[in-house]
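Read off the chains here:
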Amino acid sequence: MSKKRIKTLYFGRLAEITNKNEEMLEVASDQTVKELLHSISQNYKGLEKLSFKIALNQKIVEQDEPITNATEIALLPPFSGG
Amino acid sequence: MSKRKNVFIDGPITPEFISDSIAKHQTKTSIGAHNIFLGQVRDDKIEDKSVQAIEYSAYKEMAEESFHTIREETFTKYDLTCMHIYHSLGKVKKGEICLFVFVSAPHRKVTFEALEYIVERIKKDVPIYGKEIFEDASHQWKVNT
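Residue numbers (our numbering), protein chains in the order written: chain A, 54 to 135; chain B, 2 to 146.
Just chain B, same shape as in the assembly (with noise of 0.2 Å):
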């Protein structure tokens, strides 16, 4: 079993945080193609409210064993050279970045097909809730679809 990697982080991800994520991989020189998901916390209307933040909180043992389960399993389906996943917790306002996927191998097919994997897993297993806040500091839980 390969050594667990920290997801994350407090508060939004910042672009510098990605673009830095981006200069690190310029040694790695049998990568041919990066593929990024960036999800953005999105001013939904509800009613005749607007969401102004999200707050995350997570289970977090068992978040980090999802993370961990979902990375080993991708790497097990696609041949890929690097995975980074980071995904915020606390609070995160409108048009801040909540989750950051990053894949990279030698060449781009399989960096869109193991993209979407990952993005769609960690919906769907990752113990992780958002709280959607209100501009009237009411809220309501965020459902995925």
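Next comes chain A alone, as it looks inside the complex (with noise of 0.2 Å):
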């Protein structure tokens, strides 16, 4: 199986409960974004209770979308501009 290392970035109150905004996770690389957040909720109590959408390389994807290409995976909150 192989893996890769894969830039995790966390906003808003994900942040809060990650307490970091950003980390290099070493993930297997055939796995979809589902399965790569539930790993990264493992790790932090309180995440899977959220609602956020994710982007891989600053696009949004469903959750049923590979990593494999990706090298940068962001979990946004709900946005709240302006």
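Hint data in this document are derived by calculation from the structure and do not stem from the laboratory.
Note that beta-carbon positions come from the ideal geometry of N, C-alpha and C, so glycine has one too.
Hints should not be assumed to be uniformly reliable.
As the list claims (entries may be wrong) - Which residues of chain B face chain A? A partial, calculated answer using Cβ under 10 Å:
#1 A59
#2 Y60
#3 M84
#4 H88
#5 K124
#6 P128
#7 Y130
To be verified - Cβ-Cβ distance ranges computed for the label pairs, FRET-style:
#8 B:F18 - A:N110: 27 to 35 Å
#9 A:K60 - B:D49: 39 to 47 Å
#10 A:E125 - B:E114: 32 to 40 Å
#11 B:P16 - A:D83: 53 to 61 Å
#12 B:I47 - A:K106: 40 to 48 Å
#13 A:D83 - B:S22: 45 to 53 Å
#14 B:K29 - A:Q116: 21 to 29 Å
#15 B:D80 - A:M54: 49 to 57 Å
#16 A:K98 - B:S51: 26 to 34 Å
#17 A:T124 - B:F18: 34 to 42 Å
Claimed, not checked - Once the Cα atoms are required to be at most 25 Å apart in a straight line, the calculated DSS-like pairs of lysine-lysine come out as:
#18 A:K106 - B:K25
#19 B:K132 - A:K102
#20 B:K132 - A:K106
#21 A:K106 - B:K124
#22 B:K132 - A:K73
#23 A:K87 - B:K110
#24 B:K78 - B:K50
#25 A:K73 - B:K78
#26 B:K110 - A:K112
#27 A:K112 - B:K61
#28 A:K102 - B:K124
#29 B:K132 - A:K98
#30 B:K61 - A:K60
#31 B:K125 - A:K102
#32 A:K102 - A:K73
Using the hints, put the two chains back together into the complex; each one sits in its own frame.
Here it is, written out as structure tokens:
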């Protein structure tokens, strides 16, 4: 199984729960967003209860998207600009 | 693709910045109508606490891309002469300006429509976060309605 490093970014309330804005994670490259989120949420208590969108390389994607070509994943709570 | 515009401003958007921006358009004499939206930090009361400031953060690279897309799509949809969008990052106190959208066209009608369209798109599509800070230094994350 091939591994890769992916830059993982946390924003808003999520950054408070993880207590960081970003980290590098070593993950299996042949998995989906959903599978990766499952493993991330095991590291951070309370994360699974929040609603958020996912961006891979700065594009919003669905949870069944493979992470294979992504170098960056961002966990984005509801936007509140303006 | 046109060039990326700088949108983010550190701290509040000052009335001087806004008036300078208006002054710069006085040489563009094909314009007959300007329309401006200003977002101001509201002293919201939540239970017995009140908002003193909002601290803005953003997924900057993606937000800049989103602003660019909004800009391009607005120009395609509406016949505008020019468009400027500025949004604060960092702390903005109650009563201060955090969002400045400025559209100009030969005639007024399109400026009303475009302005509303842009503001709604910003609220919905741009990864910006507002942390509402209360007088006792506690906070909550702003939610757009």
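Comparing the hints with the structure gives:
no., hint, in the structure
1, A59, "holds (7 Å)"
2, Y60, "holds (6 Å)"
3, M84, "violated (16 Å)"
4, H88, "holds (6 Å)"
5, K124, "holds (5 Å)"
6, P128, "holds (5 Å)"
7, Y130, "holds (4 Å)"
8, B:F18 - A:N110: 27 to 35 Å, "holds (33 Å)"
9, A:K60 - B:D49: 39 to 47 Å, "holds (41 Å)"
10, A:E125 - B:E114: 32 to 40 Å, "holds (36 Å)"
11, B:P16 - A:D83: 53 to 61 Å, "holds (55 Å)"
12, B:I47 - A:K106: 40 to 48 Å, "violated (25 Å)"
13, A:D83 - B:S22: 45 to 53 Å, "holds (50 Å)"
14, B:K29 - A:Q116: 21 to 29 Å, "violated (47 Å)"
15, B:D80 - A:M54: 49 to 57 Å, "holds (55 Å)"
16, A:K98 - B:S51: 26 to 34 Å, "holds (31 Å)"
17, A:T124 - B:F18: 34 to 42 Å, "holds (36 Å)"
18, A:K106 - B:K25, "violated (39 Å)"
19, B:K132 - A:K102, "holds (19 Å)"
20, B:K132 - A:K106, "holds (18 Å)"
21, A:K106 - B:K124, "holds (15 Å)"
22, B:K132 - A:K73, "holds (16 Å)"
23, A:K87 - B:K110, "violated (46 Å)"
24, B:K78 - B:K50, "violated (42 Å)"
25, A:K73 - B:K78, "violated (40 Å)"
26, B:K110 - A:K112, "violated (34 Å)"
27, A:K112 - B:K61, "holds (13 Å)"
28, A:K102 - B:K124, "holds (23 Å)"
29, B:K132 - A:K98, "holds (21 Å)"
30, B:K61 - A:K60, "holds (15 Å)"
31, B:K125 - A:K102, "holds (22 Å)"
32, A:K102 - A:K73, "holds (18 Å)"
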